[in-house]
Every structure is written in C-alpha cells, then in structure tokens.
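Colleague: Below, each chain spelled out in residue letters.
There are 4 protein chains.
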Amino acid sequence: MRWELPIKEEDLALLVLERRRGGPKKYLVRVRRERFHTHRGFVDLGDLIGAEWGTSTKTSRGDRVLVLPPTAAEVIEKFPRKTQIAYPKDIAFLLMRADVKPGDVVVEGGTGSGALAFALSRAVGGSGRVVTYEIDDRFLKLAKKNLERLGATNVEFKLGDITSDVVEEEVDSFFIDIGDPWNALSSAWRALKPGRPFAALIPSCEQIPKLVNAAREEGFGLIEVHEILDREYDVDERRTRPSARMIGHTAFLVVGRKMLRD
Amino acid sequence: MRWELPIKEEDLALLVLERRRGGPKKYLVRVRRERFHTHRGFVDLGDLIGAEWGTSTKTSRGDRVLVLPPTAAEVIEKFPRKTQIAYPKDIAFLLMRADVKPGDVVVEGGTGSGALAFALSRAVGGSGRVVTYEIDDRFLKLAKKNLERLGATNVEFKLGDITSDVVEEEVDSFFIDIGDPWNALSSAWRALKPGRPFAALIPSCEQIPKLVNAAREEGFGLIEVHEILDREYDVDERRTRPSARMIGHTAFLVVGRKMLRD
Amino acid sequence: MRWELPIKEEDLALLVLERRRGGPKKYLVRVRRERFHTHRGFVDLGDLIGAEWGTSTKTSRGDRVLVLPPTAAEVIEKFPRKTQIAYPKDIAFLLMRADVKPGDVVVEGGTGSGALAFALSRAVGGSGRVVTYEIDDRFLKLAKKNLERLGATNVEFKLGDITSDVVEEEVDSFFIDIGDPWNALSSAWRALKPGRPFAALIPSCEQIPKLVNAAREEGFGLIEVHEILDREYDVDERRTRPSARMIGHTAFLVVGRKMLRD
Amino acid sequence: MRWELPIKEEDLALLVLERRRGGPKKYLVRVRRERFHTHRGFVDLGDLIGAEWGTSTKTSRGDRVLVLPPTAAEVIEKFPRKTQIAYPKDIAFLLMRADVKPGDVVVEGGTGSGALAFALSRAVGGSGRVVTYEIDDRFLKLAKKNLERLGATNVEFKLGDITSDVVEEEVDSFFIDIGDPWNALSSAWRALKPGRPFAALIPSCEQIPKLVNAAREEGFGLIEVHEILDREYDVDERRTRPSARMIGHTAFLVVGRKMLRD
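Chains as they are written, first to last, in the working numbering: chain D, 17 to 278; chain V, 17 to 278; chain E, 17 to 278; chain Z, 17 to 278.
Because the hints were derived from the structure by calculation, they are not lab data. Mixed in with the good hints, there may be bad ones.
[Claimed, not checked] Taking lysine to any residue pairs in the SDA-like style, the calculated list, with each CA pair at most 20 Å apart, reads:
hint, chain 1, residue 1, chain 2, residue 2
1, E, Lys41, E, Glu90
2, V, Lys94, D, Asp252
3, Z, Lys226, D, Asp252
4, Z, Lys42, E, Gly235
[Unchecked claim] Reference listing, derived: stretches of chain E covered by chain V, where coverage requires no fewer than 3 residues with Cβ under 8 Å from a Cβ of chain V:
hint, segment
5, 212-222
6, 263-270
Small disclaimer: the values here were computed from a predicted structure and weren't measured. The beta carbon of each residue, even a glycine, is placed where N, CA and C say it ideally should be.
Start from the sequences, fold in the hints, and give me the full structure.
Modeller: Take a look at the structure:
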C-alpha cells in the first residue's frame, strides 16, 4: 500500500470520472493490460503503466478521468463484501475515540469482509498487530484474501467466536462489530489493559441501552454513545450548498473503558 | 504516551467525575504529590501513585472519580491553548480522508497550540515525521512545550510561513489550518507527492467556495467539502435519547488531491 | 392577539436586546407603567404606551432594545410553565403533518401548561375549536389562565384523562402529549374522522417502537416518525457560519392516519 | 378541501402502497371512473366512489393500498410543477416563524407553481387573503389552475414583479421565494405592518450574508437564519433506526421584522 512512482502493473488505482451532477463517480481498479468499462466509455488500463500518479486520461468517449493512488477510505468504500461494512466516517471516529496508534495490539471481531481489520491494520502499522475473530469460515477466507491483496501483513485471522474464544491479554483496544455486541463485553474486559477502550458499532436504537447497560454491569466506565453525520457540500462556479442527499444513518458508535472491578 | 502499569509520578491522568446531569466532568491532570480541586471536593493525586489505571477513587466530598490513561482525543480536548483548536471529531475525519498512516511524512501549519500536530504525530508514529510551520514565535514555543510534555519526538517545529516557506518535497499529506488557507495551496501542491491529499479546516461559509475554487485553479482534483456532526446519546436506567445540547458547528473540512499539471 | 397600532397598556410585547455574542436576548413583557430589568439596565415600559410597534428604545445603560409584537412562536418559547413544553419547531411540523387548518375541531392532551393548545387555537382560528384534556387540576388551571391572558377563546378545557374520557367524535386531528401515548390511541381512533391524523410527541428512543407498534395494532396506517433539527446560522459583518451550539434533541414526532377496521 | 364522507367523484385521494423497503409509495389521484396504474398493478378508481375514507383496497396484483384524504403536506409534495418547490418541512417552519394565522393578509412571490401560495391560503383561511406576484405569465396561469382545482378561493394572482409592483399595505407577513430575494426587501418593508415579519427561502450559502446584510440595511431587525433537517425513522417488527437516506438540503430560511426607521 505504499505507492512508488510511476504506476506499476498490479497497483490498485482509483479512477475518478467527473460528472455534472451527483458528484464524481469513483472506480477502484487493479492496473492490468485490459480495458475497464465505465458508463461513459472504457479506459485502457495498460496505458497507465509507467505514467505518474495524479495524471488524467480520457475514456473512449472522451470524458476526463483522474488516476489516483487510493486512500484507505476509498479502499474501504469499495471493499469486496458479502455484508454491510463499516463506513470510513465511523471507523475514523472510532480509531480516534478508541485511541488506536502505531504499535498497538488490537482485537477485533467479527471479521466480516475485513474492512475494519484493514483500517486497524493501517493505523497500528508494521510495529503493531491486529487479531481478528470470525465464526464463519467463508467470511474469514474472503477477508484474508482481501487483506492479502492489500498487502496487510500485521493481521492474524482466527476462526472463532469473539464472545468466547479470545485468548489475547493486555491489548490496547477491542473492537466489536457483531449482531449481539453485549455478549462480547466480558471477552473485551478480560483482554483489555486496565483503563483502555472497547468500541462497538450497532445499527439499531434498541441496541443502545442494551449494550450500554451491559457494559456498565461488566465493569466499564466513561461509556459514550455517538452518531456521526457527514454533510457534504457542493460547490460549482456559481454557488455553494449542502448536497441535496445525504446518508441518514449508518451506525451508532459506543465506546467505554475498562475499570478495575471492586 | 505509553502507559505502563502502575500509575507513576508525572504521568498524565484523566479524572472523570460522574454527574447526574450533563454528562461526566473530565479533568486532565499531571500526577504529582498535590491536591487537585474539583467543584465536588479535592483528590489527593499522590495517592494515585502506584495504583492501577482504571481504578476509582473518591473526592474529599465522597464523589466517585474514575482514573484513566487519557486517549489522544481527551488530551486534545484539554490542550493548553491560546486560540480555538481543532476538535477530535474533525481531526479523526481528516486523518482518514487524508490517509495518514504510520511512517508518513506530513507537513502542517499554522501550528497554533499544536493540537493537530500532536494528533498527526501520533498517527505517523516513530517511523514517521511531522513538520509544522508557524509564523508566531510565541505559539511555536507553546506548541513545542505542549508536545514535549506529551513525549512527541517526531515533530519538527519551524518558525515560518506555510504559504511561502515550505521546503519539504514528496510529502504524504499536507494539513492547512490558517485563516487564509487558499494562500497555502501552492505550497501544498509543490510539497505533495503526486495524487496525494491536502486537508484544510475552515470555520466560515464564505471560505468554502474561495478555497475550493483556488484549489481547482492550483491543480487539485477530487476536491470534497465535509462537515462532521457528532450526536451524543444519553442512556439512563429508564431511557435513551439524543443529548439535549450538541455542538452545532466547528469547521468545514476540505480535502483534495494533487493532480499533474498539463 | 391582534396588535393594533399604537402600543397599548396591557399589550404583550417582545423586547429584544442585541448582544455581541450568543444571539439576541428576548424578553416577553406585559406593557405596564413599570420598570423592566434586564441584565443590561432597565426599560421603562410605560414609555412604550402610544409608541409604534417596531420602534427601538434604550435601556438605562444605553443598550438598544427592539420592541416587537410577539409571534406565536415567541409566546410559546416564553410560556409560563411547570414542565417541559413542546418547541415551536416541533409544533410547526406537526401542525403541517397533522393538517390543521382554520375551522378544524381538534382534541389534545395532556394540556400541561397549554403551549400546544395555544398553537392549535391559533391555527384553527375563531371558526375552529380545540378541546384539551388534563388529569391534573393544577395544570388545567394554569393553562386556562395562560390562554385567557392570550385571548384564546376557542379552547375548551376538560379535567379528564385523554386515554379514557374523550367524548368528541368526528374530529379533524388528535394530538397526544403524555408520558404513555400508546394508551391514548384507542381514544384517538374513536374520536377521529376516517383517514384523519393523530400526532404525538415523545422524548425517548424506547417509546418509538412501542408507540408505532401500538398504532399499527389500533388500526392506524401511514405511520411516520420524524425528528426535526433546527440549525441556526450566525452572520456578522465578516462571515457566516452555523451557530456553535444547537439544540440536539427535543422530541420524536409520530403521526398516523385512522384506517377503517376490517 | 373539506372531505365529506363518503368518497365522491372528483375528490382528490392519496393512495398509499406499502412496500417492504424504502417506505410507502404515495400517489395523489383525482377519483374518476378510470384505472390508475402503479408499479404493482392498477387500482380501479371508480370502485372508490361511495366508499369511506380510510378504507383499504387492493391493486390488480393483490397489493394492499390505503385510501386517504390528502393532507396539505401531501398535496404540496405532489404539486404539479415546472420548477423546484418549497418543501412542507420548510413551509411549516416559516408559517410558524412568520406567525401566519387565520384572517391574515399575506403577500407572496414569486408564485411559481403555487405550492407556497396554497399553504398560505390554507393557513389564513376564508377570513384571510393571500396576494401572490409572479412575473412569468405561464407560471401564474399554472398556479391559478393548480389552486382552483384545490378549491382555494382566497388567493389573488397578480402578474407583476414582487421587487417593484407590490401595492398592498399593512400586511401581516411577506414571503419571498425568488432568485434575488434582497431585491424584494424594500417592497416587503413598505408592505408590512410595523414589527411584522418577512420570510424568505434561499438555496445557497452565498445568498445568506447577502440577504441578511441587505435586510439589516433595509431596516429589519431580529433577523434569523435557519435550516430544517428532517430525520425519519424506520420501525419494523424487530428494530428501530434512522432512515438510511435523508434529504441533505432544501433551503435556508431567513426571517426578520420590520423596524421603524429612525
């Protein structure tokens, strides 16, 4: 995931097709000697090999296409998936609130498609480590494949249940992204260093009090529930305004800290 | 900023005083053999030395206080400052959209109190580097002192103008937090690797089109404007609801990518 | 509540004290021959008698004060109250979604301080009628006094329980503002004209599914749940931006329509 | 617009087709002896004549359809239009902030398709009056036709420019919905009763300071800028959550009050 100049075969590239309405259309592609078809004509990817990042090219129909090294957020948005994945805006907030930094050891589960594991892998870096648990073997294999292709080498994939099978101790933070997050809280409490945070993503209102109350009972403190709304603005030559459409809801974000039990 | 067990003298600690209304009250303190006064009685900080993180103690009036290792977000919220500083929710979003990761070299300015530099320092880690520019010597000294106390060793402080004095090249991302951000765009373009992002924080509506149009002219592509709203939820024994008060606005966040010039 | 020129003794007036920060300060006063004290000096209200609306005067300290005929929203914001009252932004939305218009007959309860009854009274006008139910005699008396002072003559106050005592039939809409709104749904169904709406205000997340599911079972259709967020913007000579603080939550608003039972 | 039982030929009816995803689909129809085609089969509208409001019927494919008397909000959402029209959430807020009530005389322009005029017509009732100005004859004719069909008899349509041609005086409120609203402020000031409000809808950020500063110069006070966000919630048998998609922006809403000039 480090991009060297110039563009090489097998690099991941973000193609950006600008549109008059509705914002740009983004495609995440693997640079190979083949055509990539957009709804506005195709791009010959082989032509990009040897070019510099930040170049612009044209589709066969003559529309301008930007060629960019993808950011982690762009990779996550295009993650090969079988289920709903966490949004970059939510992951970003949780990385901050759960205080993830280079060198950290982090436990995470369920793995799902691996998008959150990828974000954690990037944030802890080569000196850190991510251990991810998933009970469904097919998901685990998909996630493993996804992360290998992205060059993530600091992630350990474990077939197991994050609510019962976690063996790690003294970890820096603990991420929960399963349907019954309250069942993973005792795992989290055991695995975490004292005072350190768990973080969970939940989609529904009903889950908020259930998770918060379970966290209190489990011995977590400073429990907070957040929801992140991302408003985009459109700027054209004549005027600026908030985008007409926005994402109304993705997930509620819950964090808390391991307290010593009396 | 790595917390070893147990609590040592001179450690930074977050004291959390739970309240019936309005959420918990947080204090960031340096652990020394002295009293710390809250509005609900004092805590004898010396008593914490040797205790474990995640312990709870009591104020002289008998109110419960949690003792936690502060997260980066909590440190930023309590940053010693002379001016308004960036909020963790905004920094978190920009770290993600500007794709900051361990090992990166990042340029930033104005330094201000150093809160953003601190967040960048944490995100790039020991193998990365942050260069921060500030034209006001007093701010630069304050920021330097703030970051030294936090143990940040990968930040280089430069007395200079980010709109004209930047000498770095091939940097991974470029953060702009000054009153006239459009004037720093040519610096950003020169300093950045091709295809890589600049990120800016601006408080006012008028600055949005001014910055976006200047960025287009300077040769940036995939320019986006975001605003992050953080809704908190209160959960008590009986009910869950969004907090009655919320932060209505902090900053508009603008990112864009360096394109090759024709 | 119709303001004749000029200002007369006993008129309600809105005094607006402009401030450099935090928006203007508003006071709702009864014009009498007495002094009114603000935090920036006093205003001699007697001096306003005979003046025109829209005039400006000065406090004893020399600060400018606007003198305005209060709108319904401003009256509601300053309603004499013993409990939390509905916000104008929420009332406005419900008046629209519940389709209240001049001439309508509307049932409402609990009366509380009468703020919602006042808004309904205004919206249905002299040719309409509002019947409001309240089980607490003290609230009912307070509300009656509040509305008499405001000149509302089309409101009927009933000491009784909106969940069981409603005798009206063929009403145009039915407003529920009590702690257990689901218990008022069968009253609503019996009282309403076919196809017509009920509207309820609820503060907590837990109440949403409870009310919605009860409404479905009771025979209501087209049930919707809304929440209205009001962002204010500050404009000074130099710049425009969303206000730093906003109301994060007041109430969830639920509406539905009476369907024929099979 | 008063619905008498039972459903009569030529009545306006709202057909609601419930869907598993994305909320119900609503159709506004005129009840005639003809078929109405939905994407899930047709409804024989003639069969509804003589039925009661609040009944449910089935499409030819067997899907359930609710038959409801449309509210003003539903009529507005389906307004025959040639341009963007104001949203009910915004109209509702402005009716409240501009203090519109039965019996009021209100000036409005540009008429556009007449949606706002319709809402004002409903709010002022038979004892009130709405005067609407439009410079484009085709719009004026369309609006006239739209409002006649809705039975609005208290609206006066004037071919003219709201920035220069308004002759009314002592009006209760003044609504501005044109591209250059600042040019209508002197009209508004002349037409309004002292202390009474103007209300304007503007789509773009750039228009906010332009309109606010012009209003200050024109002699308006207590100028406020609002934006109304409407969050909807989805409730199914299992869970409650904010809708995945929401309207991100419609208009900024500006109100102010006529002050006496010195």
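Colleague: Among the hints numbered above, which are violated by the structure, and what are their numbers in rising order?
Modeller: 2
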